[in-house]
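Visitor: Single-letter residue listing:
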Amino acid sequence: MTHPADIAPRVPRPFVARALAHPSFLLGGAIALVVAAMALLSFVWTPHEAGAIEIARKLRPPSTEHWFGTDQFGRDVLSMIMRGAVTSMAVSFVAVGIGVGLGVPLGLLAAARRGVLGEAVMRANDFVFAFPALIIAIMLRDVFGPGAVNAMVAIGIFNVPVFARLAYGAALPLWTREFVMAARVAGKGGALITLEHILPNMLNLLIVQATVQLSLGILAEAALSYVGLGVQPPQPSWGRMLNEAQTLMALAPRLALIPGTAIVLTVLGLNLLGDGLRDLLDPRLARER
Amino acid sequence: MAHRIARVLSLALVAGIAGFAAGVASAAPRKDVTLGVRLEPPHLDPTAGAAAAIGEVVYANVFEGLTRIDRNGAVKPALAERWEVSPDGRTYTFFLRKGVKFHDGTDFDASDVKFTLDRARAADSVNPQKGLFAPIEAVEVVDPATVKVALKQPTGRFLFDMGWAAAVIVAPESAADNRTKPVGTGPFTLATWAKGDRIELARNPNYWGRPAALDKATFKIIGDPTAAFAALMAGDVDAFPIYPAPENVDQFKADPRFKVVVGNTEGKTILAMNNGRAPFTDIRVRRALSQAVDRKAVIDGAMYGYGAPIGSHFAPQDKGYVDLTGRYPHDPKAAQALLKEAGVAAGTRLRLVLPPPDYARRGGEIIAAQLRKVGIEAELVPMEWAQWLSEVFKNRNYDLTVISHVEPLDLDIYARESYYFDYKNPEYKALYDELAATSDEGKRIELLKKAQEKIADDAVNVFLFLLPKIGIWNAELKGLWENAPIPVNDLTEVRWGE
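These protein sequences, in sequence, are chains A and B. Each step along the first sequence adds one to the number in UniProt numbering, with nothing skipped, and position 53 is 53. Each step along the second sequence adds one to the number in UniProt numbering, with nothing skipped, and position 200 is 200.
Just so you know, these hints were derived from the structure itself, not from any lab. Since no wrong hints were added, every one of them can be taken at face value.
Think about it this way: if two alpha-carbon atoms lie no more than 30 Å apart in a straight line, the pair counts; the simulated DSS-like pairs of lysine-lysine are:
1. Lys296(B) x Lys58(A)
2. Lys333(B) x Lys58(A)
3. Lys114(B) x Lys148(B)
4. Lys152(B) x Lys449(B)
5. Lys58(A) x Lys253(B)
6. Lys58(A) x Lys259(B)
7. Lys58(A) x Lys373(B)
8. Lys195(B) x Lys130(B)
Computed, partial: chain A to chain B, Cβ under 8 Å:
9. Ile55
10. Lys58
11. Phe73
12. Pro146
13. Gly228
14. Gln232
15. Pro233
16. Pro234
17. Gln246
18. Ala250
19. Leu251
The beta-carbon is built from N, C-alpha and C at its ideal position, and this holds for glycine as well.
In isolation and in its complexed conformation, chain A is listed as follows:
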């Protein structure tokens, strides 16, 4: 048996080829793409004006005119779902942005300096980590009032220690590696080493974590809107649609099922995508396959 693959087993297949053969990455990516496309499309086109109230056509069942029917205020459910995807994505992306933007530098700083400063930074992160996003949102509501920004900041603050811990944990072992020592000997400072050697080596981890946090952010946004702390009407939100549908469960169960399914699918899709990315990006895992 002299198959070419056997001769050179150490040569990894190209990333794209592996990705295309990875079922959860494919499925997750497809779902995420569909949601993103739906959100983008809603900026230029929705079947009906999103969130337009028209009491005369309320609670219509699905039809060719309203694919998902209309809700208790006569709003087109499909248009609401499409525009709601924008809300979910926007809040989640900004929240992850806040988490990465603040958390990663903090973690890197703590790992580079260690000592008292490092301890102080990481313990402060532990302190923030003790507050769930919901509690942060309630505190922010009392100061600034409810709204989309409130939700973004609350979930964002919740994300900071997640990324700080990840960066810290990944950076610590790297600092003991030979290439870092070599860089030190060459006279490079802590900041430069972090930028040139530490950060690039943990990028994979960050991407995977960001995908997972994105899905958690969508869930958190839905939860906040569900209890009235997130985006306010008339801006559509999946969480609020779910809330408003509750008393209508007997009359029109689809009003709860549709946004519920949208949330489940999106979160599932992003989780699969994160899973797949981890498999594909982590060299150790890839070798085991």
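Go by the hints and put chain B onto chain A.
Guide: Chain B only, in chain A's frame:
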């Protein structure tokens, strides 16, 4: 393992049988009731707060007045056994019940009546309905069981007014603490108040009148319509005298465990405008909003068709009502033209403050959509109840709000010097003063009509609909009110079973 399952099962079976036996044994009617209410009262002193939620707990249960309003809106004797009115209609002599004690054991007598009335009409009074006491000239204690009240002018509704929650009799010893420790003369005393959760009343064993059939009554505060639905379905609450989610009514009607009674309240639901603040200082803007809002859509959308449309601040079931719902027909084009004429630019942003009740939250969303069609961007600002009371009602810091005025015949609020919608019109004030001083029935009705028309003409607020009283309760429960001529939950006749 199988052994353990069998044991658990048999245990469960035994427990079930025991439970069943207990159920049979306690066939005697229950002695407690749990009522669901939408809003938590800010405190429990009806002589010191405007929130109807206070009276909904304590009126007729904890506190009593000289007279009382019954379920049909009629005046009945309470702490005053009977009364005499002088021929000129200016002197009322109340003959008080004897042997009545307050909850703290002190005796009730004429001095308490004098104290209560003088306190309510004093210059520094915090009574939310000072207008009720304005006609009083002097209160005189004749003997411990007789009080003479002299009026400045004959006042037709004086006996009715003395039956309001704001006119209940309090004792000088306990009046200062009534907010947290209400001490009245009623058939129930306050047992516990778990803030944010429930208020429990216990039967007063020393009650002077017919004792209540219930030992215990719990007011459970349930703000969320979904929770209200679940609580009723699970039997956690026995009754929701004002059920918040009209979309569930058909479901409850089809369920034999429940009784659904749709009655009237006096709740004039309005889109209140801050008349003292631009752009609502301009009558054209107020009229434009009256035309921009489609009442029918609000009733259908927020109330599922429950609720009669109103065109002024007056309930259709009250004597002297004029139908003014056609005064400003829904016409977005005309509204837009009026706004343009008044110089209100398209895209003007206003704050529409929404208190917690669902009629407000849902109605507000629909109204905002209607205002958007005439070029007004109404930003929805949801507020908790206490915050609404201080921000909007007290400090007048708002542009628009949706609220229901549940007090009966409260045309006086438009004549008040400083009320939250800040309507200052000397003509209306004169009209109201004349109405207050008139006791001739025919003349009164004519003036009532004029007052309603004046308010509608000035478009002080946008008048939406009369709040329905959708009462849903356990089919076995008897004695709750079908209508709400005043906003109360009178438990004195509530009992279980046949």
